[in-house]
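Visitor: Sequence:
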Amino acid sequence: MWFKKKRCHELHVIHYNIVLRILGKAKKWSHLRSLWDEMNVERMAPINSTYGTLIDVYSKGGFEKEALIWLQRMTKQGMKPDEVTMAIVLQLYKKAGEYRKAEEFFEKWSESSLHSHGSLSLHTYNTLIDTRGKAGQLKDASEMFASMLREGIAPTTVTFNTMIHICGNHGQLAEVASLMQKMEEVRCPPDTRTYNILISLHARHDNIDTATNYFAKMKEACLEPDPVSYRTLLYAYSVRHMVSKAEELISEMDERGLEIDEFTHSALTRMYIEAGMLEKSWVWFLRFHLSGKMGSDCYSANIDAYGERGHILEAEKVFNCCREVKKLSVLEFNVMIKSYVVGKHYSRACQLFGSAESHSVIPDSCSYSSLIQILASGDMPHTAMPYLKKMQESGLVRDCIPYCAVISSFAKLGQLERAEEVYKQMVQFNVQPDVIVFGVLINAFAEVGRKITFINKKNQIALFIWQLYIAFICPL
Numbered sequence: 001m002w003f004k005k006k007r008c009h010e011l012h013v014i015h016y017n018i019v020l021r022i023l024g025k026a027k028k029w030s031h032l033r034s035l036w037d038e039m040n041v042e043r044m045a046p047i048n049s050t051y052g053t054l055i056d057v058y059s060k061g062g063f064e065k066e067a068l069i070w071l072q073r074m075t076k077q078g079m080k081p082d083e084v085t086m087a088i089v090l091q092l093y094k095k096a097g098e099y100r101k102a103e104e105f106f107e108k109w110s111e112s113s114l115h116s117h118g119s120l121s122l123h124t125y126n127t128l129i130d131t132r133g134k135a136g137q138l139k140d141a142s143e144m145f146a147s148m149l150r151e152g153i154a155p156t157t158v159t160f161n162t163m164i165h166i167c168g169n170h171g172q173l174a175e176v177a178s179l180m181q182k183m184e185e186v187r188c189p190p191d192t193r194t195y196n197i198l199i200s201l202h203a204r205h206d207n208i209d210t211a212t213n214y215f216a217k218m219k220e221a222c223l224e225p226d227p228v229s230y231r232t233l234l235y236a237y238s239v240r241h242m243v244s245k246a247e248e249l250i251s252e253m254d255e256r257g258l259e260i261d262e263f264t265h266s267a268l269t270r271m272y273i274e275a276g277m278l279e280k281s282w283v284w285f286l287r288f289h290l291s292g293k294m295g296s297d298c299y300s301a302n303i304d305a306y307g308e309r310g311h312i313l314e315a316e317k318v319f320n321c322c323r324e325v326k327k328l329s330v331l332e333f334n335v336m337i338k339s340y341v342v343g344k345h346y347s348r349a350c351q352l353f354g355s356a357e358s359h360s361v362i363p364d365s366c367s368y369s370s371l372i373q374i375l376a377s378g379d380m381p382h383t384a385m386p387y388l389k390k391m392q393e394s395g396l397v398r399d400c401i402p403y404c405a406v407i408s409s410f411a412k413l414g415q416l417e418r419a420e421e422v423y424k425q426m427v428q429f430n431v432q433p434d435v436i437v438f439g440v441l442i443n444a445f446a447e448v449g450r451k452i453t454f455i456n457k458k459n460q461i462a463l464f465i466w467q468l469y470i471a472f473i474c475p476l
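To convert, note that position 271 of the sequence shown is 271 in full-length UniProt numbering; the numbers rise steadily by one, no gaps.
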């Protein structure tokens, strides 16, 4: 036995609790289970805090289901969770997004517990407020906050941050201002997170000057902005093309040795492009490319930024840079194809698609769908057909959208026989047509049927329209 090997005497369940927590934090699950088995052999009955410890370590270790199994075992033993364990379970449900279950658990616990709301701890109040806020229950969260104040429990910065975040997410700016005033009244100083929430909130509501002022107030309060502070404000400046303001923040970050994340980097590239500062955008891109820290997502975002504005040469240069560092993925191919389409370079889009496998990149459903829809919208359904066929053979057709694009294109060009062929192929492969497909075909054939009543095909067309109508009323 574990404790006997350690020559421990006069063992108490608390000793086991301590070691269970140590093993759980170290993620030594097999050792933990062995120790639990030893407790049973030694007839060391677990107490409330034993189960609380097990629920806590399994939950924090990422084993939510196992944590709930320990809760069930605890209940079967006739034990009721104490407030600490109750708060752990609430956190568990909150982390899993099971807000209703969290609320139901708390209500059941409250009914069966000697505790009243008034005797709850600060930590429990904070957990309940946060859980209700994340569930979108602004009123319930506010009532819990008011109850806390009535009971004389002093809110902390964590409490205020949670309430400010909840109210801000519901657009209650007046209530946010009231909470800030309340913080002053109870002498609860804002921390960096408080200011980050306020900066984000006001930036989202287009109060960019207010967001900037809170950034300045943070510094005045002798609090150092963290990467989140800079990232939030930088993004807000970038989408508003506030180049000089953004560059001031970049300089500050460089001085402090703070790294700019990939999402913010690509947003700033886009800012320079949209502000007409193409050369600066390229210098900015090169700074991160040459650092060797750019990932595939960032390369694709930069290709997209250039491609959307029709800067095909720059988009190609980013694509080639990505290829040089061997980070090409299907994402880069997809956005580069999209860039070619913006510039109506259909043949180059097809060539790039065809070269994917030579770079060990397998086109996905998005690759095929994008190219097919692009070619179809460019009145090139014949060119799209081989890609549609290969997409079907690869098992990547999930719906009728690529078929619909080709059918619509043939119908638009008046090539109704080809449209009919594609429709029949689609049905043959058990791809369910939707209202749009039926609408396109019925309209196209009805229109042609009126114009060529003297042609022998009239009856054939009428029959096909009728078949489509029946299929529409009685889906396959």
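In short, the hints are calculated from the structure, not lab data. One or more hints might be untrue.
Quick list of in silico lysine to any residue cross-link-like pairs, SDA-like style, CA-CA up to 25 Å [stated by the list, open to error]:
id, residue 1, residue 2
1, K412, T383
2, K28, R73
3, K108, D82
4, K389, E357
5, K317, L331
6, K27, G78
What follows is a set of in silico ranges between Cβ atoms, one per label pair, in the way DEER data are often shown [claimed, not checked]:
id, residue 1, residue 2, range
7, A177, H241, 26 to 32 Å
8, E259, E421, 51 to 57 Å
9, K65, G152, 50 to 56 Å
10, S291, H205, 41 to 47 Å
11, T157, H12, 17 to 23 Å
12, K108, N207, 39 to 45 Å
13, A96, K28, 21 to 27 Å
14, L396, K27, 55 to 61 Å
15, E252, K65, 24 to 30 Å
16, M180, K390, 19 to 25 Å
17, V435, K28, 55 to 61 Å
18, K108, D261, 39 to 45 Å
19, V325, L396, 26 to 32 Å
20, Q428, H382, 27 to 33 Å
Backbone N, C-alpha and C define an ideal beta-carbon position, used for all residues, glycine too.
Visitor: All hints are to be evaluated individually against the structure, with a verdict given for each.
Guide: We went through each hint and held it up to the structure:
1. A hinted pair counts as satisfied when its Cα atoms are at most 25 Å apart, and K412 with T383 qualifies at roughly 15 Å.
2. Proximity of K28 to R73 is assessed by CA-CA distance (about 21 Å); at most 25 Å being required, the pair is judged to hold.
3. Our distance criterion of 25 Å between C-alpha atoms is met by K108 and D82, whose separation comes to about 13 Å.
4. Taken as a hint, the K389 and E357 pair is honoured in the structure, with Cα atoms around 17 Å apart against an allowance of 25 Å.
5. Taking the CA atoms of K317 and L331, the gap is about 16 Å. The hint holds against a cut of 25 Å.
6. Distance check on the hinted pair: K27 and G78 sit about 28 Å apart at the alpha-carbon level, beyond 25 Å; violated.
7. Between A177 and H241 the beta carbons are some 29 Å apart, a value that agrees with the proposed interval 26 to 32 Å.
8. Hint check: E259 to E421, Cβ distance near 56 Å, so the stated range 51 to 57 Å holds.
9. Roughly 39 Å separates the CB atoms of K65 and G152, a value that falls outside the hinted 50 to 56 Å.
10. Separated by about 35 Å at the C-beta atoms, S291 and H205 break the suggested range of 41 to 47 Å.
11. A beta carbon spacing of about 38 Å between T157 and H12 contradicts the range 17 to 23 Å that was offered as a hint.
12. Look at K108 against N207: about 43 Å separates their beta carbons, and that is inside 39 to 45 Å.
13. Separated by about 24 Å at the C-beta atoms, A96 and K28 satisfy the suggested range of 21 to 27 Å.
14. Between L396 and K27 the beta carbon distance is about 39 Å. The supplied range of 55 to 61 Å is therefore violated.
15. Taking the beta carbon of each, E252 and K65 are about 45 Å apart, not inside 24 to 30 Å as hinted.
16. Distance hint check for M180 and K390: the Cβ-Cβ separation is about 60 Å, which falls outside the suggested range of 19 to 25 Å.
17. For V435 paired with K28, a C-beta distance near 58 Å keeps the hint of 55 to 61 Å intact.
18. With their beta carbons about 42 Å apart, K108 and D261 fall inside the hinted range of 39 to 45 Å.
19. Taken as a hint, the range 26 to 32 Å holds for the pair V325 and L396, whose Cβ atoms sit roughly 28 Å apart.
20. For the hinted restraint 27 to 33 Å between Q428 and H382, the CB-CB distance of approximately 20 Å leaves it violated.
Hints 6, 9, 10, 11, 14, 15, 16, 20, counting from the list given before, are not met by this structure.
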